[in-house]
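Novice: Chains S and W are the protein sequences, given in the same order. Per this note's numbering: the first sequence = residues 1 to 122. Per this note's numbering: the second sequence = residues 1 to 229.
Since the hints were made in silico from the structure, they are not lab data. Hints should not be assumed to be uniformly reliable.
To be verified - Using C-beta positions, here's what the derived DEER-type ranges look like: (1) W:Phe113 to S:Phe96: 39 to 47 Å; (2) W:Arg199 to S:Ala102: 54 to 62 Å; (3) S:Thr66 to W:Arg175: 43 to 51 Å; (4) W:Arg202 to S:Ile3: 46 to 54 Å; (5) S:Gln78 to W:Ser97: 53 to 61 Å; (6) S:Ser6 to W:Arg68: 42 to 50 Å; (7) S:Gly118 to W:Ala208: 53 to 61 Å; (8) W:Thr59 to S:Thr66: 35 to 43 Å; (9) S:Ala83 to W:Asp61: 41 to 49 Å; (10) W:Ser57 to S:Gln98: 37 to 45 Å; (11) W:Ala205 to S:Ser6: 21 to 29 Å.
Said to hold, decoys possible - Below, simulated DMTMM-like cross-link-like pairs (lysine to aspartate or glutamate); rule was C-alpha separation at most 20 Å, straight line: (12) W:Lys106 to S:Glu39; (13) S:Lys33 to S:Glu57; (14) W:Lys165 to S:Glu57; (15) S:Lys9 to W:Asp80; (16) S:Lys56 to W:Glu211; (17) W:Lys165 to S:Glu76; (18) S:Lys9 to W:Glu211; (19) W:Lys121 to W:Glu184.
Said to hold, decoys possible - Sample of chain W residues facing chain S (criterion: CB under 8 Å; computed from the structure): (20) Val29; (21) Ile30; (22) Arg72; (23) Arg169; (24) Thr173; (25) Pro190; (26) Asp193; (27) Asp210; (28) Gly217.
We put the CB at the ideal spot given by N, CA and C, even for glycine.
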Amino acid sequence: MSIDFSPDKPIYQQLIDRILGDIMRGTLGVGEKLPSVREYAVEVGVNANTMQRVYKELEQMEITETRRGQGSFVTEDQEKITALRNEMKEQLVTTFLQNVAAFGFTTDEIIKSLQERGGEND
Amino acid sequence: MIELKQIVKKYGSKRALQDVTLTIPRGKVIGLVGENGSGKSTMLKLMAGLSLPNSGSATFDGQPITRRIASRIAYMSDTDAFYLYFTVQQLIDFYASQFEDFDVVKAKEILQFLNVSLDSKMKNLSKGNRGRVKIAVTLAREADVYLLDEPFSGLDPMVRDDIGKGLIRFTDTERQTIIMSTHEIREVEPLLDEIIVMRGGRVIAQEAVDEIRDFYGVDATSWMVSLFK
Numbered sequence: 001m002s003i004d005f006s007p008d009k010p011i012y013q014q015l016i017d018r019i020l021g022d023i024m025r026g027t028l029g030v031g032e033k034l035p036s037v038r039e040y041a042v043e044v045g046v047n048a049n050t051m052q053r054v055y056k057e058l059e060q061m062e063i064t065e066t067r068r069g070q071g072s073f074v075t076e077d078q079e080k081i082t083a084l085r086n087e088m089k090e091q092l093v094t095t096f097l098q099n100v101a102a103f104g105f106t107t108d109e110i111i112k113s114l115q116e117r118g119g120e121n122d
Numbered sequence: 001m002i003e004l005k006q007i008v009k010k011y012g013s014k015r016a017l018q019d020v021t022l023t024i025p026r027g028k029v030i031g032l033v034g035e036n037g038s039g040k041s042t043m044l045k046l047m048a049g050l051s052l053p054n055s056g057s058a059t060f061d062g063q064p065i066t067r068r069i070a071s072r073i074a075y076m077s078d079t080d081a082f083y084l085y086f087t088v089q090q091l092i093d094f095y096a097s098q099f100e101d102f103d104v105v106k107a108k109e110i111l112q113f114l115n116v117s118l119d120s121k122m123k124n125l126s127k128g129n130r131g132r133v134k135i136a137v138t139l140a141r142e143a144d145v146y147l148l149d150e151p152f153s154g155l156d157p158m159v160r161d162d163i164g165k166g167l168i169r170f171t172d173t174e175r176q177t178i179i180m181s182t183h184e185i186r187e188v189e190p191l192l193d194e195i196i197v198m199r200g201g202r203v204i205a206q207e208a209v210d211e212i213r214d215f216y217g218v219d220a221t222s223w224m225v226s227l228f229k
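From just these sequences and the hints, can you work out the full model?
Specialist: Below, the structure written as C-alpha cells:
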C-alpha cells in the first residue's frame, strides 16, 4: 500500500528520512541492495522522478552507492553509518531541548524523567 | 515541449479558455486542478488536438497541434466509450488496429498487474474494472504524452491505488510526460511533479510540488485552497 506523507515537508525528504531510518535500525543492512527506483516508487506510491531524487541525494550523502548496471547499495562503510547515527542523535536532542526550554522545564527535571522512563524500558 | 500561447477557446459565446499561456516540460507528471467548469477538460482536448483554439497557438515540439498529433499523444477521456459486447481481448485487438504505437504485450502485462481477465466481456465488468481496462489500453500506447481526463474520478480507493501504481510502473518519466486532471489532489499529490491550477478558464498558478512544500510549508491541497481565498 502507498504510505501517508505529512503535509509540512517535501515528499522526497520524507522518503530520505524513511530510508535513513531503515539503515540506522538495520532493516536495511550494511552493503544491502536497495530496490530499483521504479520498484520502490510503485511500493510507496510516488512518481519515479521523486524516487530518483531520493536515490541521488542518498548517494551524495555517501550513505548509498550506485554500481553501474547493478543498482544502489547501502554503503559498506560502517563508520559512515555510525557518523550518521550520531548526527541524527544530536539533531533529535537539539530539537528536544528546544521544546523543553520552550515549555519552561529545567534540564535536570527532564533528565530525571528520562531516567525513570529508561528504567521502565530496561 | 507542449506550448500554449494566448489561447482563447469559445463554445458559442461562452469562453472556456481565456488567454492561456503555458509550457509543459518533457518528462514530468503534471496535475491539472480547478473547480468544475474551470477549463481542465477543454485544455486537455486542445493539447490532444481534438479541439482547435479560436485564437492563440498550441504547439508540440514547435509543430502546430492538429488531430494528427494523436500519433504521439495518448488521450483518455473522462467518459466510458467502449463497445460493451467486446471482451477485454477484443478491445485490445481493436486498439492495436487503431494505433500504430499500441503494444499488445504491454497491454496484457498491465492488465495482469491490475488483475483483469482478458476473457471478460466489457459489459460484465464492474465500474472499477472498466476503469482499470481504460488506463491499461491508454498506457499500452508508446506515446510521448499521456493526457488523462479524471483518471481517478468515481472509483473506489482500491482502484485509485491500482491506477496510480499502474501509472508509475508502466510509464517512463525519462521520456514520457503525463498530464492529468483531477479533483483528488490530496491523494494524487505524491504522483505529481507539478501542479497547474485553473480558474474560470485561466491558469492562475503553475508550481512544482516540492517547491510548494519547501517554500510555503504546506501540502498542495492547503496551497490551492489559499489561492482561492
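Novice: With reference to the structure, classify each hint as holding or not holding.
Specialist: These are the hints, each one checked on the structure:
1. Checking the proposed 39 to 47 Å range against Phe113 (chain W) and Phe96 (chain S) shows it holds: the Cβ atoms sit about 44 Å from each other.
2. Checked against the hint of 54 to 62 Å, the C-beta distance between Arg199 (chain W) and Ala102 (chain S) comes to roughly 40 Å, which is inconsistent with it.
3. Taken as a hint, the range 43 to 51 Å is violated for the pair Thr66 (chain S) and Arg175 (chain W), whose Cβ atoms sit roughly 21 Å apart.
4. Between Arg202 (chain W) and Ile3 (chain S) the CB atoms are about 35 Å apart, so this pair departs from the stated range of 46 to 54 Å.
5. For the pair Gln78 (chain S) and Ser97 (chain W), the supplied restraint of 53 to 61 Å holds, since their beta-carbon distance comes to about 59 Å.
6. As the Cβ distance of Ser6 (chain S) to Arg68 (chain W) is approximately 46 Å, the hint placing it in 42 to 50 Å holds.
7. Separation of Gly118 (chain S) from Ala208 (chain W) is about 44 Å and departs from the stated range, judged on CB atoms against 53 to 61 Å.
8. The beta-carbon spacing between Thr59 (chain W) and Thr66 (chain S), approximately 37 Å, falls within the hinted interval of 35 to 43 Å.
9. For Ala83 (chain S) paired with Asp61 (chain W), a C-beta distance near 48 Å keeps the hint of 41 to 49 Å intact.
10. A hinted range of 37 to 45 Å is violated for the C-beta pair Ser57 (chain W) and Gln98 (chain S), which are about 55 Å apart.
11. Taken as a hint, the range 21 to 29 Å holds for the pair Ala205 (chain W) and Ser6 (chain S), whose Cβ atoms sit roughly 23 Å apart.
12. The hinted pair formed by Lys106 (chain W) and Glu39 (chain S) meets the criterion: a straight-line CA distance of about 17 Å does not exceed 20 Å.
13. A hinted pair counts as satisfied when its Cα atoms are at most 20 Å apart, and Lys33 (chain S) with Glu57 (chain S) qualifies at roughly 16 Å.
14. About 23 Å separates the Cα atoms of Lys165 (chain W) and Glu57 (chain S), which puts this hinted pair outside 20 Å; it is violated.
15. At roughly 38 Å between alpha-carbon atoms, Lys9 (chain S) and Asp80 (chain W) are farther apart than 20 Å, so this suggested pair is violated.
16. Pair hint Lys56 (chain S) plus Glu211 (chain W) holds up; C-alpha atoms about 18 Å apart against a cutoff of 20 Å.
17. Using a Cα cut-off of 20 Å, the hinted pair Lys165 (chain W) and Glu76 (chain S) is violated, with the two alpha carbons roughly 32 Å apart.
18. Note on Lys9 (chain S) and Glu211 (chain W): the hinted pairing holds, with a Cα-Cα distance of about 10 Å set against a maximum of 20 Å.
19. For the suggested pair Lys121 (chain W) and Glu184 (chain W), the alpha carbons sit about 29 Å apart, so the restraint of at most 20 Å is broken.
20. Interface restraint check for Val29 (chain W): the shortest CB-CB distance to chain S comes to about 5 Å, inside 8 Å, so the restraint holds.
21. The beta carbon of Ile30 (chain W) is not positioned within 8 Å of any beta carbon in chain S (closest approach about 10 Å), and the interface hint is therefore violated.
22. Here the hint on Arg72 (chain W) is broken, as its CB sits about 21 Å from the closest CB of chain S, past 8 Å.
23. Taking 8 Å as the C-beta contact cut-off toward chain S, the hint placing Arg169 (chain W) at the interface holds, the least distance being around 5 Å.
24. With its C-beta approaching chain S no nearer than about 5 Å, Thr173 (chain W) sits inside the 8 Å limit, and its interface hint holds.
25. Hint status for Pro190 (chain W): holds, given a least beta-carbon distance of 4 Å to chain S, under 8 Å.
26. Nearest Cβ of chain S to the Cβ of Asp193 (chain W): about 5 Å, under the 8 Å cut. The hint holds.
27. The closest approach between the C-beta of Asp210 (chain W) and any C-beta of chain S is roughly 5 Å, which is under the 8 Å cut-off, so the hint is satisfied.
28. For Gly217 (chain W), the shortest C-beta to C-beta distance to chain S is roughly 5 Å, which falls under 8 Å, so the interface hint holds.
The structure shown violates the earlier hints numbered 2, 3, 4, 7, 10, 14, 15, 17, 19, 21, 22.
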